[in-house]
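Engineer: From just these sequences and the hints, can you work out the full model?
Those protein sequences? They're chains E, G, P and L, same order as listed.
1 is the number of the first residue of the first sequence in the working numbering; add one for each residue after it.
1001 is the number of the first residue of the second sequence in the working numbering; add one for each residue after it.
2001 is the number of the first residue of the third sequence in the working numbering; add one for each residue after it.
3001 is the number of the first residue of the fourth sequence in the working numbering; add one for each residue after it.
Keep in mind that the hints were calculated from the coordinates and are not lab data.
Covered stretches of chain P, as calculated for chain E (at least 3 residues, CB under 8 Å):
{"id": "1", "region": "2016-2029"}
{"id": "2", "region": "2043-2052"}
{"id": "3", "region": "2078-2088"}
It should be emphasised that the depicted structure is a prediction, and the values quoted were computed from it without experimental measurement.
The C-beta atom is built at its ideal place from N, Cα and C for all residues, glycine as well.
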Amino acid sequence: MSRIGVFVCHCGLNIAKTVRVSELAQFAATLPDVVVAKDYKFMCSTPGQEMIANDIKQHKLDRIIVTACSPLMHEQTFRKVLAASGLNQYLLTIVNIREQVSWVTHDIEEGTAKAKALLNGAVYRARLLAPLTSRVIDVNPDVMVIGAGIAGIQAALELANTGKKVYLVEKNSTIGGHMAQFDKTFPTLDCSACILTPKMDSILQHKNITMLTSCEVSEVKGFVGNFDITIRQKARYVDHGKCNACLACTEKCPGKGVSEWDEGLVKRKAIYIPFPQAVPQKPVIDRDSCTFFKKGKCRLCEKVCEQKAIDFDQQDTFIQVKAGAVILATGYDLMDTKPLIQYGYGKYPGVYNALEVERLFNSAGPTGGKVTMRDGREPQAIAVLHCIGSRDKNNSEHCSRVCCMYSLKFAHLFKEKTSADVYQFYIDMRAAGKGYEEFYNRIIGEDVKFIRGKGARVAQSPDEEGRLIVEAEDTITGKFIKVPVDMVVLSPAMVPRADSRDIARLFNLSTDKQGFFMERHPKLAPLSTMSEGIFIAGVCQSPKDIPDTVAQANGAAAEALTIVVKDKMELEATTAMVNPASCCACQNCVRVCPYGAPFFNESKGVSEINEALCKGCGLCASVCPSSAIIARHFTNDQVLAEMEGLMEF
Amino acid sequence: MSFEPKILGIACNWCTYTGADLAGTTRLEYPQNLRVVRVMCSSRINPSFIFRAFQLGADGVLVGGCHPGDCHYNTGNLYARRRLAVTRKILEFAGIEPGRFRVEWISASEGNKFAEVVTEFTRQIKNLGPQNKFKISQ
Amino acid sequence: MSQTVTPYLEMSQAIMEAGGEALKKCYQCGTCAGTCPWTPITDFNIRKLVRFGQLGLDGIEDFMWGCSTCKFCVDRCPRGVEIIDVVTAIRNVYSGGGMLPQSLRAFVGSLSARGNPWSGDQAKRNDWAKEKYPLYTKDKEYLFWSCCTVCYDPRNTRLAKATAELLNQSGLSWGLPSVDVNCCGESLKKVGDLELFERLKNNNLDYFKSNGVSKIITVSPHCLASFKKDYGDDYEVLHLSELIARLVKEGKLTPKKDFGGVKVTYHDPCYLGRHSGVYDAPRDVLKSIAGLDFVEMGRNREQSMCCGGGGGGLWMEKLKGERLSDLRIEEALETGASVLATACPYCITMFEDSVRTLNVDDRIKIKDVTELFLESLDVNIEELMAGASDLNFTCKM
Amino acid sequence: MTSSFKSIEENLKAEAGKLLESGRVEIVLAYGRGYDENHPMPFVAKHPSDVANMVFNEYCIHNLARYLVRYPRGTKIAVAVKAADCRAVIQLIQEEKIKRDDVVFLGIPVYGMKNPKTGEIIDSKTTCGMYNPVLYDVLLGEEVHGQKIVSPYDVLADYEAMDKEARWAFWKKEFDRCIRCYACRKACPMCYCDPCFIDQSKPRWGDKSPQSHGNLMYHLTRFHHLAGRCIDCGECSRACPVDIPLYLFHKKVAKECEEMFGQAAGMSIDDKPALVNFRVDDSDKILE
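Structural biologist: Below you can see the structure in the form of structure tokens.
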């Protein structure tokens, strides 16, 4: 016989508006084994919690049912109340009558009836709840940060400064990410390299940070506190241990490859560093453009290298890394605007996308900072087209947040570096950050022409050779406007990395429609995810500017710290166990478990479950024909009892 | 009084249950015939739960899980897809209208899909009328 | 017109109830007006029209007739607003109050009295066929839906005859509809008279049902789009060019005559291309003809320029310099082509007009893909086409 | 009949004798004399001398695979297997209940077996309808070819065509007659769970007494437990004292599994049982 306490919450009016809470409490009192049935305005408030604690002691309750909001909201809160009053925290059931009843109906009859049915089910289930002790495991103190753009760099530094060991994994041959490609940053027009390279350098110098460039994650095992991650170190054909970065090899190399760093605007050598301040400042060889790999001869760089650091038969290697928490900061790509044929990107040489223009401005870029077009001319008239692919049902429905601001920055830089007229085709000028509106006013002051109308088409000018015509509707005058320009800059949508879905699958995250990682809660937990111990920061979660990215990076570092700062960790106790008496050795459980928790004990002839690896999904319990596996807290009889209770009314 | 069906919902905690909560926070309305049991993964659902649900008098059973590839436990729902498909075929061959048992993949961000599915499924069950084949009459 | 306006929300509510529901999704970004081929050459502005619809402002009547429903804006709208439905709804709400322009009054009157827009005698619908071709009966596989324009308009009866002849040559079992069918109503619906459209539609549906029609071939993309979108989805509807392309590929029809290098360019009718997604079939048919030197215009396929005939445009007066068909003819001439091929009777009519008003009819001929294909089958054209003329009704000569 | 029952019996005895003498196997599972000629019984030979009372005729319908799991793991066993029985052994190997090299397959190609109860010829209406064993170490007769191949699922046609109410009435009548003697479970080589789920009380999946909803839960869950594993040998139906046509339901589930997962039970030892396996691109259609 159990002594059940039922506590019904009004949640102010949220529940009480469409569920007769006091009637519900009286109904609860009539159910068998219910000793105490009360309703109160705010169960999750301190007086509410104290009421439960007192009733437990006073009435010696051994099961608690809280009928309030979703268990995903306050199950932990009430578990702590039980633990504090000496009752095992798993002897608790939450009945969700807010999100799934009162908020989804206006009919108080319907709401109350459904609440009664749910409560009845909970009472059936509560009777069969068993006390569980959650297990404690040790936590690996290190943290892994994936992606070394400004978000990854910032998070790695914050963590390393607290004394924690950080593994910073970067797919590219240098850290820095897209920010290192920019010349200036809005709104302060700080030189991007000036504020970023010191941080990149402190990453290089920091004793707690292991930098793993040209690396990708290939496999993830384990769970929060004990991740076991396999990193694939791609072959660089240069032994960075020996290389002293004299870069003699890069002068001699005849190989010609398209420079990804300069967005394909210029060629680069086969053995190269992406940009002068690259960290590590040691070259890598690109197989596809190296004449040795292509035709089997050359090896000039090897001859020139005094350190004998060139090694053509280097293979990909795998590094095993253990970590207690992981921060994903994989950043973004710009949408490929070639499919939008109306803008002629890829067809007309005068059409550029934003990152290409960033490289044009950059003094380490292909044109040394001079704004010259692909055919060498300096543009006299430039049009910047906003919202290309963004805010567009047919491409990316989201607003990419930063294009208005960097388009304004472009306008300023064009005005500063050329004598060109600059036109901005925009829908809404979104300048909502600190100092952003002031920056917008400053740009207006610099005589930039703003046309409120989305760019509709870019066509070749029929009469002037090599010039383009931007067609749009100036919605303010309602006139169809054709603006002859030399250069068109597209501000494309920010979209997640092409492989963001594979990384999400590796770390067990879900993504939204576009492929941005899904946070645990959009407002209250934007940096954590549904997977314990995996955190996200920066644009991989959704488009944002550098200040927000840095803030998120610090936040993610703090959240990761909450895990690795403790050396022990309490794990959910709702794992599974095998009742050897009923096990018929069919080994179904061993075959299905995604975590390899069950194993077959040959000597005893039965299966057993390694509870450290078990995550409590219950798959083995449902494939076990003789129901020998008990999925704690969701056992067969608990689920069957709850179903019976739900169907009784 | 028109026939008000009793529908049992079994929802996976990470996706469909969270989606149901989202339907609540965005104040979408849907009929209240559904009573939801929360399990950690759609793969926790033992086929015998479904047979027992119909025996307990459920007029319809709705199972909700994560989209294939989204499962919090990697492959849970991929096994569940096969097991629940076989359950469906057994129910159908035994004589239960196929419309009474339905499996839907609803992710944590698809609050509106959850509301639509529940509304449409409730209407479908109302048309099929009460289920008294498996039902154990007390 | 005073500069002060007050929102008249009952009007915008009426527009939304008449099918313009999507206008509330529009955030006035101007892409539609920037894309619309009419904005550069007329004072019509689709974004402004939707804006007036959003707030029910008066003064909307002046420019609600400029749209030829070419669907360019719908394809590009970042909010996915079904702009054509909004235009149709606005016209429905306002044309109720006698706001119909003068030139459309005859068009609507003829449709409601005679079931065709050309004031042709209903009984004479099949006279172009001179009893040479079979009527549709239950046992036949295909119904060749002869659009009113190819039945009554002398220039376009050539299309009807060419199609009929091709169907015979292909050996398919087909038949013509009887005279008690009427116009598919596509243009009528876009002009806004939804009630009359329903009546015409139901009359046709009764004919289809009582005769067990399942497969329909249309020569006009307007009938094609209307049957596919508004007539329910239990009919398999094909445009003639799709059927010919398939027959050529299956080897049932093979062009014989060599055209000796005549340069031909192709204009994608909006209702065949953007509305129905058929781009390649007509091109395959043209390219299957030996000696036909095919050349594409600058604005082709999804970016094809509208001829101006849609949405009632065929029956409306356009000032000189405000006619898209003129611009399209100039674009065709630039390719050096001597034949402008297309696949829609409306486009044929508009282009035949423009070719004469620009008096370049000696430098470029207007041909339907069907006519060209028939010529390549060395059928005796003159004898077949006796009675048809080069000029159509609306010719100004 | 290419090789007569007699010649198969001779070969069986010879092979069994050789295996026992060489010590290659500890026991041989075959058929022995029953209380009369028409009712042979499963027979276990441990010494070469036992081979004498082995017998083989058209009534040896038992599926000897079910005895393999009753010996301690690792015992070397030779087993006489007809076409269906051989698939059962393969399925047991797939489920790692026995190891391939612990078993010697004595394959028997055969047709024209008779059901001892009714005397009718057993054909693809109540079994998988295969003539030759899928896998064997020794073949005790010539392979049977040229026989009419009838799909084992044709018999389902008119049951599938039945409307739902009629089919429910049919199965309710059948399941109500079940007396819960569990002979079907005993006869089935795949049912090696001890205790079976229906025998348990925590949770009580179904009533123990033989009335409709307890029977329903038992049979439906068993059909699910055998999905993708049942090799359609028909033993359960032949063993049923009240003749419930269980083979129909098993055939239907086997047919659906084959269609949905593209894999029949027990056809190859490297297959993985269908319901403990998945394909990422299993189509969602199977759920509609």
